Structures are given as structure tokens and as C-alpha cells.
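J.: The lines below spell out each chain.
Number of protein chains: 6
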Amino acid sequence: MPYTDDSINHILQRTVDELSDTQRMAGLFHQHHDGDPLPSIPVLQEIIGLCRAVLLPGYYGQDRVNSATVHFHIGVEVERLFTLLTTQIEAGLCFGSDGADGATEQPCRHKAAELAAQLIAKLPEVRGTLATDVEAAYLGDPAAQNYGEVISCYPAIKALTCFRVAHELYQLDVPLIPRILTELAHSETGIDIHPGAQIGSHFTIDHGTGVVIGATCIIGHHVKLYQGVTLGAKSFPLDENGNPIKNIPRHPLLGDHVIVYSNATILGRVSIGSGAVIGANVWLTHDVEPGTVVQR
Amino acid sequence: MPYTDDSINHILQRTVDELSDTQRMAGLFHQHHDGDPLPSIPVLQEIIGLCRAVLLPGYYGQDRVNSATVHFHIGVEVERLFTLLTTQIEAGLCFGSDGADGATEQPCRHKAAELAAQLIAKLPEVRGTLATDVEAAYLGDPAAQNYGEVISCYPAIKALTCFRVAHELYQLDVPLIPRILTELAHSETGIDIHPGAQIGSHFTIDHGTGVVIGATCIIGHHVKLYQGVTLGAKSFPLDENGNPIKNIPRHPLLGDHVIVYSNATILGRVSIGSGAVIGANVWLTHDVEPGTVVQR
Amino acid sequence: MPYTDDSINHILQRTVDELSDTQRMAGLFHQHHDGDPLPSIPVLQEIIGLCRAVLLPGYYGQDRVNSATVHFHIGVEVERLFTLLTTQIEAGLCFGSDGADGATEQPCRHKAAELAAQLIAKLPEVRGTLATDVEAAYLGDPAAQNYGEVISCYPAIKALTCFRVAHELYQLDVPLIPRILTELAHSETGIDIHPGAQIGSHFTIDHGTGVVIGATCIIGHHVKLYQGVTLGAKSFPLDENGNPIKNIPRHPLLGDHVIVYSNATILGRVSIGSGAVIGANVWLTHDVEPGTVVQR
Amino acid sequence: MPYTDDSINHILQRTVDELSDTQRMAGLFHQHHDGDPLPSIPVLQEIIGLCRAVLLPGYYGQDRVNSATVHFHIGVEVERLFTLLTTQIEAGLCFGSDGADGATEQPCRHKAAELAAQLIAKLPEVRGTLATDVEAAYLGDPAAQNYGEVISCYPAIKALTCFRVAHELYQLDVPLIPRILTELAHSETGIDIHPGAQIGSHFTIDHGTGVVIGATCIIGHHVKLYQGVTLGAKSFPLDENGNPIKNIPRHPLLGDHVIVYSNATILGRVSIGSGAVIGANVWLTHDVEPGTVVQR
Amino acid sequence: MPYTDDSINHILQRTVDELSDTQRMAGLFHQHHDGDPLPSIPVLQEIIGLCRAVLLPGYYGQDRVNSATVHFHIGVEVERLFTLLTTQIEAGLCFGSDGADGATEQPCRHKAAELAAQLIAKLPEVRGTLATDVEAAYLGDPAAQNYGEVISCYPAIKALTCFRVAHELYQLDVPLIPRILTELAHSETGIDIHPGAQIGSHFTIDHGTGVVIGATCIIGHHVKLYQGVTLGAKSFPLDENGNPIKNIPRHPLLGDHVIVYSNATILGRVSIGSGAVIGANVWLTHDVEPGTVVQR
Amino acid sequence: MPYTDDSINHILQRTVDELSDTQRMAGLFHQHHDGDPLPSIPVLQEIIGLCRAVLLPGYYGQDRVNSATVHFHIGVEVERLFTLLTTQIEAGLCFGSDGADGATEQPCRHKAAELAAQLIAKLPEVRGTLATDVEAAYLGDPAAQNYGEVISCYPAIKALTCFRVAHELYQLDVPLIPRILTELAHSETGIDIHPGAQIGSHFTIDHGTGVVIGATCIIGHHVKLYQGVTLGAKSFPLDENGNPIKNIPRHPLLGDHVIVYSNATILGRVSIGSGAVIGANVWLTHDVEPGTVVQR
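Protein chains in written order, with my numbering: chain F, 1 to 296; chain V, 1 to 296; chain E, 1 to 296; chain R, 1 to 296; chain Y, 1 to 296; chain U, 1 to 296.
In short, the hints are calculated from the structure, not lab data. There's no promise every hint is true.
As the list claims (entries may be wrong) - When the alpha-carbon atoms are kept at most 27 Å apart in a straight line, the in silico DSSO-like pairs for lysine-lysine are as follows:
| id | chain 1 | residue 1 | chain 2 | residue 2 |
| --- | --- | --- | --- | --- |
| 1 | F | K234 | F | K246 |
| 2 | Y | K111 | F | K111 |
| 3 | Y | K234 | Y | K246 |
| 4 | V | K111 | R | K246 |
| 5 | V | K122 | V | K111 |
| 6 | Y | K111 | Y | K122 |
| 7 | U | K111 | E | K111 |
| 8 | E | K234 | E | K111 |
All values reported here derive from a predicted model rather than from experimental measurement.
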């Protein structure tokens with residue numbers, strides 16, 4: 001029996017009613033209070049763009065910039081970054097408190113502004129670290145022609161500009177926002193670094209698609225990863241209800257000057273000693289002595 | 001000999017003529033009839049956004065929403081979803097029929113509207129299933145702070161909102177559109193699920209980059225995959241012309257409560273019994289008994 | 001002690017000063033000369049869209065097109081492509097010369113226009129090769145319904161439209177731009193092909209996420225790769241300063257009709273003979289005879 | 001008593017209910033049938049832009065154009081003009097029939113396409129007439145430097161490109177759309193020409209703000225108006241219900257080579273003979289012999 | 001002597017310094033406090049669009065709407081209108097207090113929300129009055145084909161939707177915003193109505209360009225104006241400093257059923273009695289008895 | 001006989017051919033040379049916005065600004081203004097030379113940059129004059145609440161920001177661009193001031209719709225105009241070919257402290273002495289002694 005226009009309209013209306021039944025939405029419905037800012041993907045993407053423009057002037061951002069005008073540009077960008085970050089951090093404070101665990105946190109525009117200013121105060125240090133990452137990527141890739149190519153193209157630099165900013169927000173206990181930022185980089189580059197990870201200077205990742213770095217990883221200086229490397233958890237203890245216990249150290253520790261080749265998988269709270277080399281496709285769940293080469 | 005402006009103009013014109021020679025375009029040229037709607041990536045992205053806004057109100061969509069106004073928002077979104085889906089399904093009916101096999105199908109706005117309404121009527125059920133996926137992701141990840149974080153950030157939820165809608169369209173025999181939808185999710189998340197796959201409730205994927213789930217997979221309830229897992233075909237029979245025979249079951253069957261760790265590869269029409277655990281980087285082309293743990 | 005508005009303003013201003021100190025920016029600051037065009041991601045994305053519209057008329061591009069009007073559309077698109085390419089190539093000539101190695105190259109609008117015209121003159125040939133890639137993707141995937149689906153959805157076709165154009169620019173010694181183009185495709189598809197690679201006709205990649213093809217690879221005709229395959233470098237000689245020597249052949253050679261299954265890793269300047277089949281998850285650093293099947 | 005959040009929400013909801021009461025909307029509510037196109041201001045503005053680009057190539061439109069490529073540009077623009085005009089004419093056929101007089105007209109995509117093609121077939125003639133308008137504006141203004149300035153800047157040319165196209169649509173009995181087009185030009189230029197007016201060649205208007213030309217005006221060749229001139233109706237006969245009778249000739253007739261200076265007002269079905277000059281601020285409700293000068 | 005790049009840069013930098021000298025900016029610089037909303041032209045244009053969509057459903061707004069869905073659309077539009085109005089009223093409260101008179105007013109989000117809700121509560125009444133304006137325009141113009149044309153095209157309706165909303169805000173003592181709203185309508189239509197004017201039902205303006213209605217006008221029911229009519233002030237008393245005294249009644253009073261023809265000028269606190277007719281181009285600075293016809 | 005699809009296509013193609021015949025385009029076709037910048041309405045609108053933001057910081061522009069950051073904002077805005085102005089002045093130099101008079105002028109990016117810098121160097125003086133205009137508008141209107149309202153809303157200020165900048169460009173002999181700028185203000189406000197007019201300080205226009213100020217007007221200080229005032233040419237001498245002779249003084253001279261009320265028309269090279277008052281609707285073609293009041 002063919003559908004009539006009336007029967008189609010009836011279907012649509014009935015479905016709207018079913019979908020609007022808030023009793024049946026469980027945790028899938030987020031109510032907003034008037035005036036609460038919303039976490040906003042386009043705003044967070046603008047924040048990423050502003051961080052890149054401020055940290056790497058002339059490479060990112062839409063404007064020409066030279067040594068006579070760089071001060072003006074950074075001044076305007078930092079002001080806008082402060083404004084946008086404040087709304088998004090406030091949104092995270094409101095939004096993050098909503099959900100399965102019923103926690104509530106007093107949203108607070110002033111607290112959000114404080115946190116935004118604290119993040120911005122960290123940016124010179126973040127730039128210092130990123131400079132070491134750029135150097136590492138340039139020196140580590142025979143195909144790299146110059147710093148400009150590395151900064152403009154390399155997924156590792158895109159992922160690390162996001163991660164290093166998100167990590168500072170994570171350190172400041174800003175909820176939700178750091179995670180959205182690293183997921184945006186994950187979507188852009190295929191590199192998934194949890195904002196809680198601790199990563200030293202001169203860090204680089206070649207190609208990068210499929211790399212996973214877990215929340216409790218601690219990584220030294222001068223470390224290099226290739227595409228497809230997982231630094232993950234092996235298993236995790238459950239509480240009395242059978243749910244995973246949160247916040248337990250469960251990801252690898254990597255020393256300085258470690259190299260992990262493509263598609264290697266390192267699972268659990270294991271230590272990879274400084275100077276160790278882990279071969280491609282290796283599957284590893286135990287400690288490795290400094291300087292060791294582990295091959296498949 | 002340097003190029004002159006005239007020689008450049010001559011090159012451009014000659015190339016335009018060569019590129020416009022329809023005799024030499026083979027299957028690479030798609031002619032449109034006047035008035036036919038076109039499959040449109042921006043429209044399909046808006047459709048994905050509307051589905052997410054309707055299924056997960058307050059988490060996706062640009063508007064504030066609360067229990068007093070959720071009915072209005074869903075009403076407007078469902079109406080727009082119906083309008084856009086109708087044009088895209090019609091485009092799929094027109095467009096899908098064009099190509100190497102020469103099949104033709106009568107395009108039909110009314111049929112497209114019927115199919116759009118049937119899809120929409122499935123959305124309450126889709127939301128019910130997605131709720132179980134969100135629960136599974138939350139419970140399965142010690143790093144997840146609350147439902148809000150899971151719904152806002154996790155690639156698995158982004159991929160599954162697309163897949164579960166695309167799968168309903170696939171079940172309705174809508175051509176082309178389901179595949180474009182899952183490819184948009186693939187591009188966004190690195191998770192490639194064919195819309196033909198059948199996937200039970202409480203399904204989750206951790207990190208997700210590089211996951212491939214083939215067209216004829218059948219997956220039970222409470223299954224969890226990690227990044228880089230392939231559920232693929234081993235080989236496929238060829239017809240008398242040496243071309244692959246279409247639509248033959250050729251991908252794995254997974255029971256309930258199966259876990260597959262990162263970068264494992266399961267190929268062919270094999271059965272992985274309920275409760276089985278497949279370790280990271282395992283390569284598997286044979287059946288696995290229920291409850292078995294397969295390690296490298 | 002809570003932050004006051006004044007102390008926040010003080011923090012912001014001090015940070016702006018620190019971030020604007022050009023003495024401390026090292027290689028992270030790119031100065032622009034007035035009038036120099038800037039490499040622009042949105043413009044390069046439009047260039048990719050124009051190439052796809054010109055090469056695959058009716059499948060890409062926003063306009064309806066039929067045999068009566070295809071000449072007009074291609075004429076307008078080629079003219080715009082020429083204009084945009086000229087600015088971006090000029091930007092590459094300016095920009096690529098800036099960086100760690102201190103090289104300088106005379107920017108030149110006329111040279112950029114010449115190179116843009118030379119690229120455009122190659123497009124008919126590029127279309128011919130892409131037609132073989134489409135055919136290979138269609139014949140190689142039992143799930144493909146018709147050419148339309150392959151051209152509209154398959155990541156391999158998206159990656160190869162970018163790569164084959166970027167490779168022509170690379171052959172013309174255009175700096176930077178080819179690399180940005182292939183990184184845009186990498187971000188969109190998870191397939192990372194260096195523009196320097198040489199790839200024959202009838203090439204296809206299934207699913208594709210995580211594929212890496214290095215700068216000095218040479219790949220024959222009728223080759224098929226699956227997701228997660230790496231064709232990489234094993235190690236590379238260092239110069240007297242411990243830096244990698246640029247431009248040394250260091251990636252695999254693949255003959256005709258080679259198949260490499262998912263997540264296989266082939267490293268170094270090894271030869272994979274025609275007709276060889278490399279199994280999933282294989283790790284390979286030596287030559288393979290023609291016709292050999294290598295399994296894990 | 002201060003408002004609470006609850007009382008505000010209560011006000012909003014009650015107002016939504018009142019405003020949604022379709023019984024009380026009288027003629028102020030326009031219902032749409034599914035699939036009917038809507039008259040769209042942005043689309044009509046694009047139509048105006050396309051007409052200007054096609055009629056005055058190189059002056060309007062966003063693209064560079066030269067004699068080698070003008071054919072391509074006009075081909076693409078005419079195709080898009082045809083597509084957009086068809087939807088808007090169809091919308092006019094649907095929409096115009098709705099309202100106080102209860103008339104209904106069968107909407108018809110094919111009829112709309114016919115009318116769009118008929119309009120397009122008139123464009124070469126419209127261009128011929130516009131060329132005389134440009135000449136008249138250039139010759140009549142000592143401040144005009146060249147044709148380029150007249151075509152790019154003069155409000156008269158903007159208003160006449162709209163009017164001359166809208167008049168052709170009016171002649172084809174397209175409802176609503178011609179009127180919206182001339183109102184868009186009215187908003188842009190302050191020149192209000194009813195699409196029903198008949199206007200000869202070499203017509204120009206200096207400055208133009210406040211000019212009104214009524215629906216039944218008939219204007220000869222080589223006529224020039226200044227700002228603030230009204231060619232209006234004096235009064236109009238009422239029918240038995242006291243409503244104005246539609247479509248009665250009620251606006252002035254102007255011969256050839258007439259000049260009307262600023263803010264003059266000519267009302268009613270009067271004849272202004274060829275070569276007459278009407279002075280600034282004159283108020284005129286009677287016939288004027290050819291060659292007469294009427295001063296205040 | 002030709003300019004060098006250096007001399008140009010020097011000029012630019014010196015000018016920036018001069019322009020940034022806040023000591024010399026007098027009243028031309030508006031400082032913002034962090035977090036204060038800004039009056040925003042794009043937001044106010046969206047507010048106008050929302051008011052039109054809510055008041056005249058199906059004629060304005062981008063969405064299809066029918067009797068089954070009008071409730072949803074108005075619900076969503078009213079919610080968004082409330083949100084946007086609240087920010088703009090708050091901006092008006094902050095912004096309006098800044099300037100030459102040094103007044104300060106406590107900005108207050110809650111007060112802004114109250115005022116926004118009060119404005120919204122007036123909208124049903126505003127719609128009732130607009131319905132009489134539409135009727136008056138339709139009946140008064142022989143060229144009008146139906147209500148749809150009047151509502152979609154007539155500048156009077158565009159100006160009156162803005163004015164009637166702005167007048168309600170003015171009555172609520174909202175600073176600045178009502179004036180910006182009527183200036184947006186002035187720019188769009190050439191009709192300049194001060195939001196303080198009091199205007200009865202069944203009001204219409206034909207063509208409208210150049211109409212000016214002053215802040216203290218009081219206009220009865222069934223009044224009709226033509227283009228170029230000024231209802232202005234003749235002169236105004238000065239205070240001891242020679243500045244005009246604010247808020248003194250100084251514009252005309254018009255009774256019911258008054259008609260004022262094009263370009264007539266009525267100045268000062270004069271009374272135009274009910275039923276009076278003022279001819280085109282008349283200049284009038286004295287009272288007119290009811291029923292009188294005043295001609296030039 | 002109904003149209004078929006084929007006959008419609010035939011009509012479209014024939015019309016494209018007719019419209020593309022460059023032989024028949026006369027002066028209506030503007031050919032572009034590759035690489036020439038185009039005058040661009042959107043860019044010129046951005047230029048107007050930048051001038052307003054720089055001249056009236058905090059009132060125009062999208063950004064918050066305060067005394068700590070105003071230097072950054074103006075620095076960035078001046079840099080962008082310089083870049084955009086350079087392209088548009090260059091476009092004017094190319095474009096203005098094309099047309100009826102056959103003149104050619106060597107386009108020159110460097111000359112354009114010089115002229116742009118010279119314009120920018122004038123901006124502090126322009127701001128000084130605008131400050132007197134704002135003061136005049138505020139003091140002259142009893143309805144004005146404060147400077148903020150005047151600067152944000154008054155059409156006179158919008159028109160004068162454009163005019164005063166365009167006049168400086170006109171003084172620098174930049175072709176075409178000054179005229180497009182004042183026409184943009186004409187369209188926005190209904191106030192048409194030729195960029196060649198010379199206007200003193202403390203100038204204001206009330207309401208403004210329909211005001212026309214001709215190219216050779218010279219206006220003193222403290223002058224006030226009302227809506228609809230024309231300062232025009234009476235007639236102009238013709239050359240031997242019957243064409244108007246360009247650049248002859250032909251518009252009124254107004255002394256200081258002159259007031260001209262609404263819709264008054266002053267034509268020809270007449271002198272209106274300081275302190276004169278011209279009444280509404282007056283029509284005037286002779287000199288007026290200082291201090292005289294001219295009434296109708």
C-alpha cells in the first residue's frame with residue numbers, strides 16, 4: 001500500500017512525539033540553563049587556530065606578519081584567545097559536571113577567566129617546547145626540506161600544538177575542553193594523545209596515523225614514534241560493581257631517546273629504558289632495559 | 001625558451017578542449033538531467049548533524065535546549081531532516097543507477113519521501129541502541145569522566161551515530177547515500193564500518209583509528225574493539241570473467257561479549273564465539289571457540 | 001589569593017610581550033614581504049576541488065553538468081585553477097626558500113604561471129591514469145556497486161586525485177605545495193603518500209587508513225594495498241653532523257600485480273617482485289622474488 | 001515584583017502558544033506544501049548578480065574574464081541562471097496564488113522552465129537596450145569619467161539591470177518575482193520602478209534616490225529623470241466595495257527626449273510631450289505640450 | 001622622490017601610533033569591559049529576521065512551515081529571539097550609558113532577560129496591529145495583487161515590522177537598541193521612523209523612500225503617507241548653553257484617516273485633523289482642520 | 001506548442017552564443033589581463049569597515065577593545081587596510097583607464113602602495129574632522145541621547161566616514177575607487193556625496209535620505225542639511241559635439257553656519273552666504289546674502 005502525504009505526516013509527528021519524550025532519554029539529553037555558554041566545536045577550532053598563530057607566527061593565521069607588526073598581531077590574537085577560552089572553560093565547568101555521576105560544580109565566569117589567563121601565561125613555555133619538537137621532526141626525516149615544511153605540513157606538529165595546549169588545560173583541572181581539543185587533533189591527524197599524558201621535549205611522530213598515547217603515559221625527551229604505535233593499557237582493575245577504577249596508572253613509561261617503530265604495541269605500566277629501540281609490529285607487555293633493541 | 005602569455009593561453013585552451021572531449025571520458029563523466037537533485041556532501045553533513053541533534057539533544061546542534069523547548073527543537077529538526085533526506089535519497093536513486101553496469105532506476109520523489117519517512121520512524125529505536133553504546137563506552141574506559149564526555153568526544157559515538165542511521169538506509173535499499181554517510185564518518189574518525197554490517201547493542205570501539213568492519217560482518221551484543229582492528233575478507237571467488245562475485249558472505253561473525261585488541265586482523269567468514277578475547281596484533285583466519293583467549 | 005581583573009590584564013600583557021620577542025622565536029617565525037602571496041589551506045582545498053571537478057566531471061563540483069555544457073564548466077574551472085595555482089606556486093617559491101637552510105630563491109610570478117600551465121597541460125594524462133585506478137577499485141571490491149560509488153566515496157580515489165596532481169607538481173620542482181596537498185589528503189583519508197613516490201596505473205588501496213608510502217618508493221602497475229600498509233625506510237645514513245642525508249633512495253620497489261594485505265610493513269630499499277603477495281601483518285625488510293606469497 | 005526564571009519561561013511558552021494559534025493568523029500565515037520551492041531573497045540576489053555578469057561581462061561577477069574565456073563564463077552563468085530562475089518562477093507560480101483572493105494556479109515545474117528559457121532568450125535584446133542606457137548616463141553627466149565608472153557605480157544602471165529583466169518576466173505573466181526583483185533594486189538604490197512600466201531606450205536617472213515610476217507609466221526614448229521625481233497616480237476609481245479597481249491606466253505618459261528635474265511630481269494619466277522639460281520641485285497634474293519648459 | 005618600502009613602513013607605524021593615542025580620541029573611543037556583550041549589527045539583523053518569521057510565518061524565515069509544524073518553528077524562533085534579545089538589550093544597557101553625558105547604569109543580565117520577555121509578550125498584539133497595516137497596504141494600492149505580494153515586497157511592511165517591535169522596546173526604556181533597529185529599516189527601505197513615534201492601526205506608506213517621522217509624532221488610525229513625506233520639527237528651544245533641550249514635543253499630531261501625498265513637509269507641533277488630505281509637495285507649519293484638503 | 005527539453009536546451013545554447021559574441025558588446029565588456037586585481041565590492045566594504053574601526057575604535061569592528069589593547073587592534077587593522085587598499089587602488093589604476101576615452105595608464109603596484117600609505121597618513125586628520133561632525137550631530141538633534149548613539153546609528157556619520165576617506169583618495173587622483181566608496185554609502189544611507197566635494201568641519205545631515213551634493217560643491221564649517229536637499233548643477237555647457245564639458249565648476253558654494261531644510265533644491269554655481277537659512281522645499285538658483293532667511 002503506497003504511502004500518502006497524510007500517512008507520511010502522521011509518521012513524522014508520531015516520531016517527533018516519541019523522540020521528545022524526556023522520560024525516555026536517560027543520559028542522552030543535556031539540558032541547558034539560560035545564559036550558560038555551550039562548548040562549541042567551531043569556537044574550539046578557532047582556539048586551536050589562534051594558539052597555532054600565536055605560537056608559530058607567520059606559519060598559521062590568515063594574516064601577513066613581519067617583525068614590525070608581529071607585536072600587534074599577537075596582541076589581538078591573545079586578547080581574542082582569552083575571550084574565547086573563557087567562554088569554553090566556563091562551558092566545560094558547567095557541562096562537565098552534568099552526567100552519569102551526578103556531580104555538580106558551581107559554574108563561574110570569573111574562575112574561567114582566571115584559568116584562561118593561567119593557560120595563556122604558559123604559552124611562552126609551550127612555544128619553547130614546540131621549538132624542540134620542530135627541530136626533532138626536521139632532523140629525523142630525510143624528506144623534510146626545511147623548518148617551514150615541517151611546521152606547515154607535518155601531522156605531528158599539528159597534533160602537538162593541540163596536545164601541549166590541552167595538556168596545560170588538563171593540568172589546570174579544566175574539565176571536558178582538553179579532551180575535545182585532542183579529539184579534534186585526532187580527527188585531523190589520526191594521532192590520538194590523551195591530554196593527561198606527560199611528554200618531554202624533542203618529541204616527534206612520523207606519519208602518525210593510528211598512534212595512541214594513553215592518559216597515564218610518561219614519556220622522556222628525544223623520543224620518536226612511528227605511525228600505528230599504541231602506548232595503551234593492558235587491563236584495568238574493576239571496583240566492587242565491576243566498573244573500571246578511574247585514574248590508576250596503567251600506561252607505559254618511556255625513557256629518553258626511545259624509538260618505537262610503526263605499528264608496535266606497548267601495553268600496561270611497563271618501563272622502556274632510555275635509548276631502547278622497539279621494532280615495527282612488536283607486541284610488548286613487559287619492561288625493557290635501557291639501550292635494548294627489541295625486534296619481532 | 002621562456003613561455004609567453006600567448007603560449008600559456010594556448011596551452012590552457014588546448015587542455016580545456018582535450019579535457020572536454022566527452023568521447024574520451026569513459027565512466028568518469030556523470031551527466032545530470034535538469035531538475036535531478038545532486039548528492040551533496042554539505043547536505044549530507046547537515047543530515048548527520050541533524051541526526052546527532054535529534055538523537056542526542058543538547059549535546060549536538062547549535063541551540064540551547066531544555067525540557068520546555070526540546071519538543072520544538074526536535075519538531076523543527078525532524079521536518080528539516082525529512083526535507084533534506086528526501087532530496088538526497090532521490091539523488092541516490094538517480095545517481096546510483098548510473099555507471100558501469102548500465103542499470104536504470106526510475107527516479108521518484110514520492111518514493112524518496114516514503115523512504116525518508118521510514119528512516120525517521122526508525123530513529124527512536126536507533127536512539128535506544130545508541131544509549132547502550134554510550135553506556136558501553138563509559139563503563140569500558142577508565143579515562144571517561146561522565147556520559148557528557150563520551151557523547152561529546154568519543155570517535156566511536158560519532159562513527160556509530162552515522163553507521164546506525166546509514167545501516168537503516170541500507171536496509172531500505174537506498175543506494176549510494178548510506179555509503180557516503182559512513183565514508184564521512186570514516187574521514188572524521190578513521191573508523192570504516194560498511195553500512196551493510198549488522199552490529200548488536202552495547203557496541204564500542206576504543207580510539208578507533210584504522211578499524212575496518214566489512215559489509216557482511218555480523219556482530220553480537222556487548223562487543224568491544226580497539227584501534228586498528230580489521231574484520232575483513234580473506235579472498236573472494238571470481239566469476240567467469242575474473243571479476244569478484246558481489247554480495248557473498250565473506251566477513252567474520254562475532255558472538256556476544258567478544259573483545260578484540262588493537263591491530264588484530266580477523267579475515268574471512270570465520271566465527272568468533274561469545275566471550276572470546278583476541279589479543280593485540282593477532283592475525284586470525286579460522287574459527288575461535290566461545291570463551292577462548294587468543295594471544296600472539 | 002584570587003585573581004583580580006587587573007592582575008589578569010597584567011598577565012595577558014606580559015605574555016604578549018614575551019611571545020612577541022622576535023629574538024627568541026628562532027625558526028618558528030615566518031616573516032612576510034609585502035605583496036608576497038601566502039600558502040593558503042582554503043585555497044589549496046579549492047584547488048583540490050577544482051582538480052576533482054575537472055578530472056571527474058559531474059561527480060565533484062557543485063554544478064550540474066551535461067554533455068552540452070561540460071565544455072563551459074571545464075573552461076571556467078581550468079581558468080580559475082590556473083589563477084589559484086599560480087598564486088600558490090608563487091607562494092611555494094617564496095615560502096619554501098625560508099627556513100633552517102637559509103637558501104633563497106627569487107620569487108617570480110611569471111615562473112609560477114609557467115609552472116601552473118605546465119601542470120594543467122598534464123591533466124588529460126592524469127585523467128587517463130585515474131581512469132585505470134577507478135577501474136581497479138571497482139573490480140577489486142565485491143562491495144562496490146558501480147563506478148559512481150567508487151568515484152564518490154572511495155578514500156583511495158580521493159587520495160589518488162590529490163597524489164597524482166601533487167606528483168606532477170613535485171616533478172616540476174615546485175616546493176612545499178605538493179607536500180601540503182598530499183597532507184590534506186592524508187588528513188581526509190588517513191592515506192599518506194609522499195608526492196615524490198612513483199606509482200603506476202591501475203593502483204588501488206582498500207579502506208586505506210594508516211597507509212604510508214615513502215618519498216622514494218617506485219610502484220608498478222596493477223598494485224593493490226590494504227589499510228595500514230607501510231612502505232617505509234628502514235634506517236638512513238647520517239652525515240658528519242649526525243643529520244640524515246637527504247634524497248637517498250630508501251623505500252621499497254614494488255613490481256606489477258603486487259598485493260600487500262592489511263598492516264603489513266615493508267621497510268628499506270627492497271624489491272618486491274611482480275606478482276608477489278604479502279600477507280597481513282607481515283614485517284619485511286628483504287627482497288621478495290616475483291610470484292612469491294609471504295605469510296606471517 | 002522581580003521576574004523569576006520560572007515566570008519568564010511561563011511568559012515565553014504562553015506567547016508561543018498565542019503566536020502559534022493558526023485560527024488567529026488571518027492572511028498573515030503562508031502554508032507550504034512539501035516540495036514547493038520557496039521564493040528566496042538570497043537566490044533572487046544571486047539571479048540579479050548573474051544577470052549583471054551575463055549582460056555586462058567583466059564589470060560584474062567575481063571572475064576574471066577575457067575574450068578567450070568569455071564564452072565559458074557566459075555558458076556556465078546562463079546554465080545556473082536557468083536553474084535558479086526555474087525554481088523562483090515555480091515558487092512565484094505557487095506562492096502568488098495564495099492570499100486574499102483565494103485564486104489557485106497549478107504549480108508546474110515544466111511551465112517554470114519554459115518561462116525561464118523565454119526570459120533568457122530575451123537577454124541579448126536587454127543587453128542592447130542597456131547599452132543605450134549606459135551611453136545616456138555617460139553623456140549626460142559631466143562627472144562621469146568613462147563607461148567603466150558608469151557601469152560599476154551608477155545607481156541608475158543597477159536599477160535598470162533589475163528593471164529591464166523584471167519587466168520581461170512581468171510581460172511573461174510571472175507573478176510576484178518581478179516585483180521582488182524591483183524591490184531589491186529599490187532597497188539598493190532608492191529607485192522604485194514598477195516592473196509593469198514601459199521604458200524606451202537611452203533612459204537615465206541621475207542620483208536617483210526617491211524616484212518612483214508607477215506600474216502603468218509609458219516612457220519614450222532618450223528620457224532623463226533626476227532624484228526624487230515621482231511619476232505617480234493622482235487618484236484611482238473605487239469599485240462598489242470601495243476598493244481600488246486594479247489595472248487601470250493611471251500614471252503619466254512621457255514622450256521622447258523629456259527631462260524631469262529633481263523632486264518634480266507628475267501625477268495621473270497625463271501626457272508630457274516630446275522634448276518637454278519639467279523643472280525641479282514642479283507639481284504637475286495636467287498635459288504638457290511637446291517642447292514646453294515647465295518651471296516652478 | 002619615490003617612496004621606498006622603508007618609508008612606507010615608517011609612515012604606517014607613525015600613523016598607528018598617532019591613531020592609538022587615547023588622549024586624543026575624545027568621545028570617539030568606546031572602551032569595553034571584559035564580558036560585556038557588544039551591540040552587533042549581524043545579531044540585530046537576525047533579530048529582525050526572527051521577528052518577521054514569528055509575526056508573518058511562512059513569508060519570512062528560511063524554513064517551510066505548515067499548520068502541523070508552525071508551533072515547532074515559532075517555539076524555536078521565540079527561544080532564539082529571547083536569547084539574542086537578552087544579549088542585545090544587555091549591550092544597550094551597558095553601551096547606552098557611555099558617552100558625552102557621563103551617565104552610568106548598572107548593566108544587568110537579569111534585567112535584560114526580563115525586558116526581552118516583556119517584549120516577546122507583546123508580539124501577539126504587534127501581530128494584530130501589523131495585520132491591519134497589511135490590509136491597509138493591500139486595499140490602498142491598485143497594483144497590489146494579493147496579501148502575499150504586500151507582505152513579501154512592500155517596504156512599508158518591512159519598515160513597520162521593525163518600527164512596531166522597536167517602539168515596544170522604546171516603551172520599555174531600552175536604550176540604543178530601538179534606534180539601531182529603526183536605522184536598519186531606514187537603510188533597507190529609505191523610511192526613517194523614530195522608535196518614539198506613536199502610530200495607530202491600519203497605517204501604510206506608499207513607496208516610502210525619504211519618509212521621515214519624528215520622535216514625538218502621534219499618528220491616528222487609517223493614516224496613509226506617500227514617499228518623501230516629512231513629519232518633522234520646525235525649531236527647538238535651546239537651553240542656557242545653547243544646546244537643544246531634549247524630549248520636548250515638537251513633531252506633528254495627525255488624526256485618523258489623514259492622507260499626506262508625496263514630498264509634503266509638515267513641521268512643528270501642529271495638529272492635522274482627522275480626514276484631512278495634504279497635497280504633494282505642500283509645505284505646512286500650522287494646524288489643519290479636520291476634513292480639509294490642503295493643496296499647493 | 002509546448003516547449004520540449006530539447007527546444008529549451010536549444011534556446012539556451014543559442015542565447016549563450018549571442019551573448020558571447022564580443023563583436024557586439026561595445027563598451028559593455030571589460031577584459032582583464034592575468035594578474036590584474038579586480039575592484040571588489042566585498043573588499044571595498046571591508047575597507048569601509050576597517051576605516052570606521054580605526055577612526056572610531058570600539059564603536060565599529062567586531063572586537064572588544066580597551067585602552068590596553070587599542071594599539072594592537074589599530075596596528076593590525078592599519079596593516080590590513082594598507083594591504084587591501086593597495087590592491088583596490090591598483091585595480092582602480094588598471095580599470096579606470098579602460099573605457100570610452102581610450103586612455104591608458106601604466107598599472108603599478110608600487111604606485112598603488114604609495115597612494116595607500118598616503119591615504120593612511122591622512123587618517124589622524126580625518127578623525128579630527130569626524131570628531132567635529134559627531135559633535136555637530138549630537139548638539140543639533142534633541143533626540144540624540146549621547147555620542148554613542150550618534151556614532152552607532154546616524155546615517156550622516158556612516159556617510160561622512162565614507163566620504164571623508166573617499167575625498168582623500170580623490171585628492172590623490174585615485175580613479176574609480178573613491179566613487180565606488182561613496183556609492184556604497186549612498187546605497188546604505190540614501191546620502192549621495194560626490195567624492196570631489198569640499199566640505200568643512202562640524203558638518204551634519206539630519207535623516208539624510210535623498211541628499212545630493214555635487215562634485216564641485218564647496219561647503220564651509222558648521223553647515224547643516226536636512227533630508228532631500230539637493231546641491232546640484234543647473235545646466236552645463238556642451239562641447240562642439242554636444243557632449244557636456246567635464247570638470248567645470250557648476251555646483252553651489254555654501255558659507256559657514258548655513259542651514260538648508262528638507263527637500264530644498266539649490267542649483268548652479270551660486271553662493272549661499274554664511275549664516276543663511278534656506279527653508280524646506282525652497283527652489284533656489286541665485287546667490288543669497290550672508291544671514292538671509294529664504295522661505296518658500
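J.: Now tell me if each hint is right for this structure.
T.: Here is what the structure says about each hint:
1. K234/F to K246/F: holds (14 Å)
2. K111/Y to K111/F: holds (23 Å)
3. K234/Y to K246/Y: Cα-Cα ~14 Å, so holds.
4. K111/V to K246/R: Violated: K111/V and K246/R sit about 44 Å apart, past 27 Å.
5. K122/V to K111/V: Holds: K122/V and K111/V sit about 17 Å apart, inside 27 Å.
6. K111/Y to K122/Y: holds (17 Å)
7. K111/U to K111/E: holds (24 Å)
8. K234/E to K111/E: Roughly 37 Å separates the two Cα atoms, so the pair is violated.
Hints 4 and 8 from the earlier list are contradicted by this structure; the remaining hints agree with it.
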